Structure formats: structure tokens, C-alpha cells
Amino acid sequence: MDASTSLETHHDPHAHVAEHEHHELGWWRKYVFSTDHKVIGIQYGFTGLIFLFFGFSLMMLMRWQLAYPGQALPVIGKFLPHIFGPGTMPDGKMTPDFYNSLGAMHGTIMVFLGIVPLAFAAFGNFVVPLQIGAPDMAFPKVNMASYWAVFVGSIVMLISFFVPGGAAKSGWTSYVPLAAIADSGPGHLPVFNGQTLWLIGFIFLITSSLLGAINFIATIIQLRAKGLTWMRLPFFVWAQFVTAFLLLLAFPPLEAGIIMQLMDRVADTSFFMPAGLVVNGAALHISGGGSPLLWQHLFWFLAHPEVYVLILPGMGIIAEILANNSRKPLWGYKSLVFSVLTIGFLSFIVWAHHMWLTGMGSAVSAFFQTTTLIISIPSVIILSAFFISLWGGSIRFTVPMLFATAFLPMFGIGGLTGIPLAFNSADLYLHDTYYVIAHFHYIVAPGTIFALFAGIYYWFPKATGRKMNDFWGKVHFWPTLICMNVIFLPMFLQGMAGMHRRWYDGGQGWTVSGDHTIWGLTGFQWNTPISWAAWIMGLAQIPFIINFFWSIKHGEKVNDNPWEATTLEWTAPSPPPHGNFVTTPVAYRGPYEYSLPGREQDFTMQNEPVEPSERTRRKPPAELVRA
Amino acid sequence: MEIPYTVSTRPDTGLWNAKVGIWLFLASEVMLFGGLFSAYIFLRLDAPPGMWPHGLLNVPVGTMNTAILIMSSVTVVLAWAALKMRRYRAYWWYMLATILCGVIFLTVKLVYEWPQKFDHFGAYIKPEELGKYEQYLGNEHAAAKGLPPRLEITGHLHNRAALNDPNIKDYEVALDPVNADPINPAMDRPHFFYMPPTDKIAKIEKEDVQYATMFLPKHSAYFASYFTITGLHGMHVLGGVLVFIYMWLPVSKKLYQRNPEHLANRVEVAGLFWHFVDLIWIFVFPLFYLL
Amino acid sequence: MNNPPDVSQDPKEYEEYAHNVQKHVRGYLMVGALLLAFTAITVALSYVDFGARKANVAVAMFVATLKAGLVAAIFMHLAAEKRLIYRILIFTGFFVFGLFWLIFLAWYDYPVFH
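Chains as they are written, first to last, in this note's numbering: chain A, 1 to 627; chain B, 1 to 291; chain C, 1 to 114.
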């Protein structure tokens, strides 16, 4: 119990409690402007899912243009110009600028408005305090601020679709000088144009992530329950811890870059603009003296750790579910921890592998190739540990487990296909082709997003006291898995055949000898089955959405620990009350004590005291003894 | 429901929560300003000879502002110490002093330094026309002395309309001392005391000008970095001042009476932020004003 | 001295603690004076010709680092801070240094200067 009393006045305990007893909060303070980590987690979850589906819809639109370039989009094509503006899809036919906007915003929204809020903030906020036995996050008001920052940033990004000229269209990477001159001139407003709003929105998103990261790190360090030493933490908590450090230290240089790009756009500075630029036949009236490469360095300094931000929480979720559904401890816990720490560290010094084509010299290129290859090792260790964890397990294919087991080979494909890209020489050919798109989508789509689905099905009962429907969960899973592969597997081959990213015509104008086919179709023709798989996959999410909302009120009621799991969140009531635990938990054992020999049940929760008969290798931690 | 370790320290780390939090925040700020300073370094290293100006900022004023910020760092730590010793009155006065120092710093910047720059004009002469303006540039003298070339004529622009009106064919500039008397050896190095524009007027034809603006962010990589870094720094000063005002108002007295250690911790955390802001300025000042 | 023992319960222990804080006040004032002095030195040295401009930059940065060190060590209590804070700062230092140094290497390792 912390002593927060002063010298002069001694509070009588009852008065103290009464002072801090929460007076019944109004609806707004309870559900909207809440400082409770569970409410905030759910808020992030809802916002994240909405934007995930919005970003997905943008992609479905793009896939029409790729499969049927220049053709009018039936039915929806008539409505879209009314929503997005007449210049976007006249007569239902997509313009190149609108295609570029869709591409840039699909990337930005999926990564920063979808996955980061979901994987890091939503799951992290809801689960981490519960898993470490804490009553809330260390800084609840800062937590609330971080949610509203992401909300504002997301709205700003959304608004950018509706300003003259439309949303940002210079790629999610916003490379200068294109990004500095785009969305300006006749037909565009100052400040209220796509690219500038993108930059402004981004500042809110970064602020949100920084506040969140501070909260997570401080919480995990300071608020672990008694007995919960570092090496007894669930792997999910470790993953979130490292992710928070990545966000904390990698985002600010990009923020610096964004401020500079904003200055370039709004104040006509030349941070990134070299001298001698000519736009539309006229020389640009700027001082010059800047460097486009500086932007790339600052951008990728964040954006590489960012991709680990996208995958690590997912890996954490998978770890929990694999252990739980194979009824045995995770294999190689120590290796997992050291691997995730190593990935975190190395991820800061590999970024230039996104810049192989900038003509860098061989010395610095060799450095980054080396670090990039080295970072694949801990990733392989983690994946291998996951695979080995299944060996000899008593596997139950619950819906979360379906997604979790599918994650393994999918992430494997994604990770392994990254290896050629680590080589400057191979990447000279593969850079900016569909090979790269396939590589990273395999990691985030049937990788992270599957982990997120798994997590939603898994922790839904903790948040609501009810399970989602199993049958419809499987109806969601199988088509999604199949479609993912139909979408992304051929893309590797399209890319290797030379088809480039960001081509508005879907590669139709790209001439490879007429009879060059991949499995019977030309690179361009493959766009059609890929697009259809994407649209079918969109449809396959409908059972999930319905299942999700229906189960909140009508799902099968379950007890506090329906999955018979071991970690501390399952000791709390479902849903947990304000303050989370009826009695503050104490941890006596590791997080994955499944199938302990000599026990009746095949799982032992972390807060169960250690029997004298149990063989323990270590002395209890000092804090338990001192107490 | 109480969050543990908000005031007392956790045994194994020896820290209370907000202290961990503020240092993490400061770590991110190090990365932020690190990114900006890195940009400054690259822009400066890449600037061709003569394209990175010196001596354009008012050194006495900058020095005074530096001293003010240093003093505010002293007063804020004294405020914290006063709280730890449970001397509220002393705390209140030290905190007020800190706030005033911060306000003075910002005022000097926003009311004097920046507007003075916005009012100053500079025209970069086209390389092929440099000879035509030798009387104002003194490049022969500079080359003889091994100094970087002078590519710009600066001073007070008399016909502001010339900036936007294509019909006006030249700029009328009341020259800065360095352009009024370029071969004077006294002009070879920047001066400590500010020297205002002279009465000597020069007519610079627009045709001969590569690029001309007031001393705005868009003027050069130098001013772009100067305004951006000092602007962001200034926003941090403002943020700090606002937090200090909140901790100085009567609402803080209420917290002091309820739990003085909690207030002391809050002041310490805000003070750490303030010291960091001072730290950044310790580097900004020489890099922009002196070097 | 910065992280107080949980003295709020014992008035006598607190007296001693408060007395300790008093001793540090003199230190703060001295450091403040030193910082002002170093500022004046920085300004003065900037008007001394060390040959190359780079030398002036190095000298000024050296003095600035000394000043920053004083602020960090004494005003920000880093000299007596806990291990965890040091670790956070060391990691940060490593990464900010890496950010700059690696970009610097990449900047100048180009066959054709960009």
C-alpha cells in the first residue's frame, strides 16, 4: 500500500478511503472520457477496427482499377464521386490522382490508424495491466489523452479526403520533393490540402503513440504485482514493452522530419528541397540547399522499427494462445525474451535497407546489409520457438488457435521472403515491385491481423463475460485464410516478373513479351483473380462483424476463465470492475504452468501458491521475503 | 482504487512513477531535438561556401536570454528545494520568478528578435553578376584574405512593394555595414554589438538577383533551421510556463495541504522538463548565434 | 538525496532530510553562477580566432557540453539517480548517436555527391 499521506495531517483510514471512493461517474466520464484502461482499450479497439475496415475498403477500390483499368466501377462508382468529389471518379472511372490517394491512404490508415491503435494500444491497454496484476496504467489521465490524440489525428486524416484536391497522394512514405509540391497550386487550399493535413494528422498520431509508450513502459516497470519478476512476465507483456521502446525512441526523428516538411510546404523553406527544381515549367522560388535524402533517412529511421511495432504485439498474442491451446508451457521462454530484446535493439540500425536504390556507397551498404541479415536471426528463433511449442502438445483447435496456427506458416513466408530484399544486389531488381508488397503483406495481413483476430476471439470473454460464436468464427477463418494466399502468393511472381508498385494501370502498359505467363496468366491478368479474392475476403469479414456485435449481448455466457488459462488476467472477474481485482494478486510462478506433473488440472494459475512438495529451482524473489 | 507508487518509491527500482515517466519523455525529446540538430548539421555541412551566414543574430540579446533561462533553472530547483523543506512561501516566490523568466525569454524572442529578422532584407546575387556589385560585396578583398565569398547584399528594404510587384524593377536597400564598407577589415568578422543598417542606399536590379526575401524561414537553410528549432524550443518554453503557472496558482496550495510530497514530486517532474529545455538552449545559442 | 526515503511518517527523520536539502541549495547557486560564467566564456571564445571555423565549433561545443553536464548532473539530480534512469538514457544516447553517425556515414559514402 503506498503511503500518500502528509506529515502534518494523519488521515483516518475511512476518510481516506471515502475520499478516493469513486463517486458514481456520469455516462460521459464512464464511457467516453474515461481514465480506465479497459474503457480506453476498447475505445482504441473500436476506432482501430473501424479504420482497419476503412483502409481495407480503400484497397478494394484500388483492386477494381488494377483488375479492370479504365473501366467504370458499377453501382458504387456512381456514388463515390458524390462522397469523394467529382474529380476522383468521373463516370465511375478512377483518375490516376485518386488511385494514388487510395494507395497512400491505404498504407497510412492501415498502419497508423488501424494496426498500431489495435495491436499496441487496444490490446496493450486492456490486457497488460490485468496481466501484471495492476489496478490500472501508471498514468490514467495521460492514457486518456493519448486516445483522444489518436482520435483527433484520425479525424484529420479522414477530413483530408474531403478537401479540394483530395487526400495525400505521395505514397505513405511522402518522399520529397514530390510530397512538398503536391496538393498545392490552383484548386488547392493552403493548409487544408491532402498532404498538409496528412502531416498535421501525423503529429497527433505521433503524440498519441509517445504518450502511450511512456505509459506502458512506466506501468510495466513500476506496477508489476508482487512476485511477478521480469522472467515471470507473460511473453505478451515483454512484446508490448519492447514495442513501447521502439515507439518512444523511433518516432521523434520522424516528427522532426514532419515538422520540417510542414515548414517546406507552409513556409516555403528548403529543408528537403535542392536548388534548381522546376515545376510545371517554372523554376521554384525557394532558397534551395536542402536534401531529399535527409527526409528518407528520418522517415525510415522510424518506419523500420515501425514494422516491428506492427509484428511484436501480434507475436505476443500468438504466444499466449499457443501455450493455452497446446496445454504446455511455451518452449524457450528465455530465448523468446532475449530475441525480442535483440530485435528491438537491432531494429534501430537497419533502416537504410529501404534505401538501397539511392546509390549509397558500398561501405555503408555493407553495414546495413549485415545488420539486416542479423536481425532475421532472432525473428527465426521466435518463430521456431513457437513451432516447437506445439510439439507434444494437446492441441485444441479453438477459433483463436486456428488463427494462431495459421499465423506461423504465414509469418514464415513473409519473413523468409524478406531475405532477398536484405541484399542490395537482389533488391536492385525487386525494389518497388509487387514482390515487396507480397512480402510485407504476408507479415501484416495473415500475420499480424490474424494475431489480432485471434486476440479478439481470445480476450472477448474477459471483456464481456461472453464467448463469440465458434461456428461463425470458423466461417470467418477459412475463407479469410484462403483468400489471403490467393491475393498475395501470386504477387511474389508478379513482382519477380517485373511488375511495379503504384502503377495506376495495373501493369497493363508494361510490356513483357506477350506470351510471358506465370502459371498460365500474364502478370497483368493475375490482377483479376487477386482482386476477386480481395473482394471475397471483404465479404468474409461480415460474419466476424456480426458475430462480434451479436455476442456482446447474446453470446454464450462463460465463467471468468473459459479457456482455462494461467495468466493473471483470468483471475479477474469478466468484465473486470474498476480497479480490476477483488484482491491484489501475488504471483508465485511462471506464466505458462500448463500440465504440471502430479496435478489434477492441466493448468496452474500464476497466483497459485507454490506447494512445499513442488520442486523449485530458485529461491523466492527478495521482495516476497522482505515483506 | 489507488495507483501504487505515485508518491512513495517502488522498492526494487527506487523510483516513483512520474519520475520514470518524465525521464522516458525526455528520452523521446532527446531523439526529437537530435533529429532536428542532425538536420541542421547536414544542411550546414552541405552549404556551399558563402551560403551559410554568420553574425546575423543579436549576440548581446541572445546572451541575455541565455542568462535568463539559466536563472530560471536555478529558481525552479530552489522552488523544489523549498517545497521539500516545507517552505511554501519561498516556493511560491521562486516559482513566480521562474515563470517570469520564462515569460521574459519568450517576449524577447517574439517581440524583438523574430520581428527584427522579419524586417531585414537579403538578396542573393546571381553568380554571373557578382562582379557588378563588387562595391557592395568586396569579394576580391575576401578572396585575398582567405575568407568565404560574399554572395548576398543585406539591409533595410525601402521599397517593400518591390517584393511582390513585377513592375518594380529594382530593390532599394539601406545597406548593412558589411555591404556599405566591405573592404574594411573590421567587417571581416561578426561584431559583438549589433550594428544597424547604414544610410547608404544601393539599387539592386531584380534581374541580377538569384533569390531575395526578408529574413524569413524561406530565406535560407540557416534561417529555416533557426526559426524551426527556436520555434519548437519556444513552444516547449511556453508549455513549461503554463505547467508552472498551474503549479503556482491557489489550486497547488490545496495539494500542498493534502499531500506536500505529491506536489514536490510534481514540481520536480516539471522542473526536470524545464532543465531539459534549458539544456537544449545551451546548444542552440552557440550554434546559431556565435558560430 | 533526490529520491526521499519514505519519511512522511516520521517527523524526526524528516527534519534530517530537510536539513540535507538545505545543504544542496548552496550547490545549486554555485552551479548557477558557474553556468553564467561559462556562458560569458562561450561568447568571449567565439570571437577568438582558432584558425579554422571547425576549431571554434569544437571549442564552443566542448564548453556547451560542460554546461549541459552541470545542468544534468546537479539540477536534474542525475549524479545521484537510480540505475534504471541511467539505462534509459544510455540506450537513448546510443540511438541518437547512431541516428546521426549512421546518416553521416551514409551521407558521405556516395560515389557521386548528391
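It is worth saying that the hints were derived from the structure and are not from the lab.
Since we're looking at a predicted model, the values are computed, not measured.
Note that CB positions come from ideal geometry on N, CA and C, so glycine has one too.
Be careful, since some hints might not be right.
[As the list claims (entries may be wrong)] Mimicking BS3-like on lysine-lysine, the simulated pairs with C-alpha atoms at most 25 Å apart in a straight line are:
id, chain 1, residue 1, chain 2, residue 2
1, A, Lys141, B, Lys218
2, A, Lys30, A, Lys474
3, B, Lys126, B, Lys218
4, B, Lys254, A, Lys141
[Claimed, not checked] A few chain B residues facing chain C, derived, Cβ under 7 Å:
id, residue
5, Gly14
6, Val30
7, Ala67
8, Met85
9, Tyr88
[Unchecked claim] Just a few of them, taken from the derived set where beta-carbon distance is under 7 Å, the chain B residues facing chain A:
id, residue
10, Val20
11, Phe25
12, Gly35
13, Ala39
14, Ile41
15, Asn164
16, Pro166
17, Asn167
Checked hints:
Distance hint between lysine 141 of chain A and lysine 218 of chain B is unfulfilled; the C-alpha atoms sit about 39 Å from each other, more than 25 Å. Taken as a hint, the lysine 30 of chain A and lysine 474 of chain A pair is broken in the structure, with Cα atoms around 34 Å apart against an allowance of 25 Å. Of the supplied pair hints, the one linking lysine 126 of chain B and lysine 218 of chain B holds, its CA atoms being roughly 18 Å apart against a limit of 25 Å. As the CA atoms of lysine 254 of chain B and lysine 141 of chain A are separated by approximately 20 Å, the hinted pair is consistent with the 25 Å bound.
With 7 Å as the threshold, the beta carbon of glycine 14 of chain B comes within range of chain C, its nearest partner Cβ sitting at about 5 Å, so the hint holds. About 5 Å separates the beta-carbon of valine 30 of chain B from the nearest beta-carbon of chain C, less than 7 Å, and the hint is met. With a cut of 7 Å, the hint placing alanine 67 of chain B at the interface with chain C holds, because the nearest CB-to-CB distance is about 6 Å. Because the beta carbon of methionine 85 of chain B sits about 4 Å from the nearest beta carbon in chain C, less than 7 Å, this interface hint is met.
Hint on tyrosine 88 of chain B is violated. Least Cβ distance to chain C is approximately 13 Å, over the 7 Å limit. Against a cut-off of 7 Å between C-beta atoms, the interface hint on valine 20 of chain B holds, since the closest Cβ of chain A lies about 4 Å away. With 7 Å as the threshold, the beta carbon of phenylalanine 25 of chain B comes within range of chain A, its nearest partner Cβ sitting at about 6 Å, so the hint holds. About 3 Å separates the beta-carbon of glycine 35 of chain B from the nearest beta-carbon of chain A, less than 7 Å, and the hint is met.
For alanine 39 of chain B, the interface hint holds, since its Cβ comes within 7 Å of a Cβ in chain A; the closest pair sits about 6 Å apart. The criterion of a C-beta within 7 Å of any C-beta in chain A is not met by isoleucine 41 of chain B, whose closest approach is roughly 10 Å, and the hint is violated. For asparagine 164 of chain B, the suggested interface contact is broken, since its CB lies about 12 Å from the closest CB of chain A, more than 7 Å. With a least beta-carbon distance of about 12 Å to chain A, the hint placing proline 166 of chain B at the interface is violated under the 7 Å criterion.
Taking 7 Å as the C-beta contact cut-off toward chain A, the hint placing asparagine 167 of chain B at the interface is violated, the least distance being around 18 Å.
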